[in-house]
Amino acid sequence: MQTQASKRQFLRTAGIAAVAAIIAPRMAGASPADVAAEIKKLYGDKKIESGRIKLDVPQIAENGLVVPINVEVESPMTAADYVRSVHVFAEKNPLPGVISYKFTPEAGKAAASTRMRLAGTQDIVVVAEMSTGQIFSTRAEVKVTIGGCGG
Amino acid sequence: MANPVPRVRAPNKAKAGEIVEIKSLISHEMESGQRRDSSGKVVPRKIINKFTASFNGKTFFEADWQPAISANPYQSFFFKATESGEFKFAWKDDDGSEYTSTSKIVVG
Numbered sequence: 001m002q003t004q005a006s007k008r009q010f011l012r013t014a015g016i017a018a019v020a021a022i023i024a025p026r027m028a029g030a031s032p033a034d035v036a037a038e039i040k041k042l043y044g045d046k047k048i049e050s051g052r053i054k055l056d057v058p059q060i061a062e063n064g065l066v067v068p069i070n071v072e073v074e075s076p077m078t079a080a081d082y083v084r085s086v087h088v089f090a091e092k093n094p095l096p097g098v099i100s101y102k103f104t105p106e107a108g109k110a111a112a113s114t115r116m117r118l119a120g121t122q123d124i125v126v127v128a129e130m131s132t133g134q135i136f137s138t139r140a141e142v143k144v145t146i147g148g149c150g151g
Numbered sequence: 001m002a003n004p005v006p007r008v009r010a011p012n013k014a015k016a017g018e019i020v021e022i023k024s025l026i027s028h029e030m031e032s033g034q035r036r037d038s039s040g041k042v043v044p045r046k047i048i049n050k051f052t053a054s055f056n057g058k059t060f061f062e063a064d065w066q067p068a069i070s071a072n073p074y075q076s077f078f079f080k081a082t083e084s085g086e087f088k089f090a091w092k093d094d095d096g097s098e099y100t101s102t103s104k105i106v107v108g
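Chains A and B are the protein sequences, given in the same order.
So for the first sequence, my numbering puts the first residue at 1; every next one is plus one.
So for the second sequence, my numbering puts the first residue at 1; every next one is plus one.
If you're looking for bench data, these hints aren't it; they were derived computationally from the structure.
Relax, there's no trap hidden among the hints.
Label-pair restraints from in silico Cβ distances:
1) B/ASP95 x A/LYS47: 39 to 49 Å
2) A/LYS40 x B/THR100: 35 to 45 Å
3) A/SER113 x B/GLY85: 22 to 32 Å
4) B/LYS50 x A/ASP56: 17 to 27 Å
5) A/LYS54 x B/SER39: 40 to 50 Å
6) B/LYS50 x A/ALA80: 22 to 32 Å
With the C-beta cut set under 7 Å, the calculated list includes, among others, these residues of chain A facing chain B:
7) VAL66
8) PRO94
9) SER100
10) TYR101
11) LYS102
12) THR104
13) GLU106
14) ALA107
15) GLY108
16) SER113
17) ARG115
18) MET116
Okay, derived cross-link-like pairs now, EDC-like style, lysine to aspartate or glutamate, Cα gap no bigger than 20 Å in a straight line:
19) A/LYS102 x B/GLU21
20) A/LYS109 x B/GLU62
21) B/LYS15 x B/GLU86
22) B/LYS23 x A/GLU72
23) A/LYS40 x B/ASP64
24) A/LYS102 x B/ASP93
25) A/LYS109 x B/GLU21
26) B/LYS23 x A/ASP56
27) B/LYS80 x A/ASP81
28) B/LYS41 x B/GLU29
29) A/LYS109 x B/GLU18
Using N, Cα and C, we set each Cβ at its ideal position, and we do this for glycine too.
Input sequences plus hints: build the corresponding full structure.
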């Protein structure tokens with residue numbers, strides 16, 4: 001009885017270890033599904049439209065450590081109708097989030113530039129929320145020839 | 001590491017209603033928490049996680065930075081100048097420190 005139980009215990013532990021070993025390499029990075037989950041967490045099942053967002057990223061980045069990204073969202077930027085927030089995600093980085101912006105009508109223009117790290121070739125996803133409640137999204141692929149995270 | 005040094009390029013003059021671009025840069029390693037040192041230990045995360053731009057005490061632009069933001073982070077953004085006053089820019093570090101920079105603008 002004792003040996004049966006411990007054998008079972010051993011098999012269970014070994015089984016978990018084996019599964020973990022298979023999953024572990026995948027857990028090292030985000031996936032397109034993680035980005036979709038993040039967006040769902042933010043906006044639930046709200047309708048996401050295309051358009052309004054201009055996303056500027058290089059098609060090919062030679063250095064994944066420093067990839068320029070410029071986002072501009074078309075909006076009158078008045079108190080009644082402005083861009084409230086913009087979120088940027090990378091589908092295959094160790095973590096899906098890159099940057100989140102909060103805009104106000106005082107900014108006059110919903111545009112911002114920064115530089116990001118990309119672990120490899122992947123899609124960049126941008127989601128913008130208007131003060132009116134409308135949500136827009138766009139994406140673009142960046143081919144990275146040298147990885148930017150931990151390399 | 002040396003203390004982070006912020007640098008901001010903001011115009012000091014503008015016409016009323018003009019939309020001006022502001023560019024900022026700060027020296028910081030932005031340690032992502034994803035790297036391992038030579039002994040295989042994860043190097044703990046230490047990044048600037050928030051940038052805030054305000055004018056005459058009112059925040060008009062904010063950016064939440066993730067570890068995916070490059071070292072020596074650059075950020076540009078816009079502001080619609082309607083009156084003279086003072087900008088304040090603030091960078092918040094994971095360790096709780098805050099780095100700030102101010103600049104004045106004359107509108108007319």
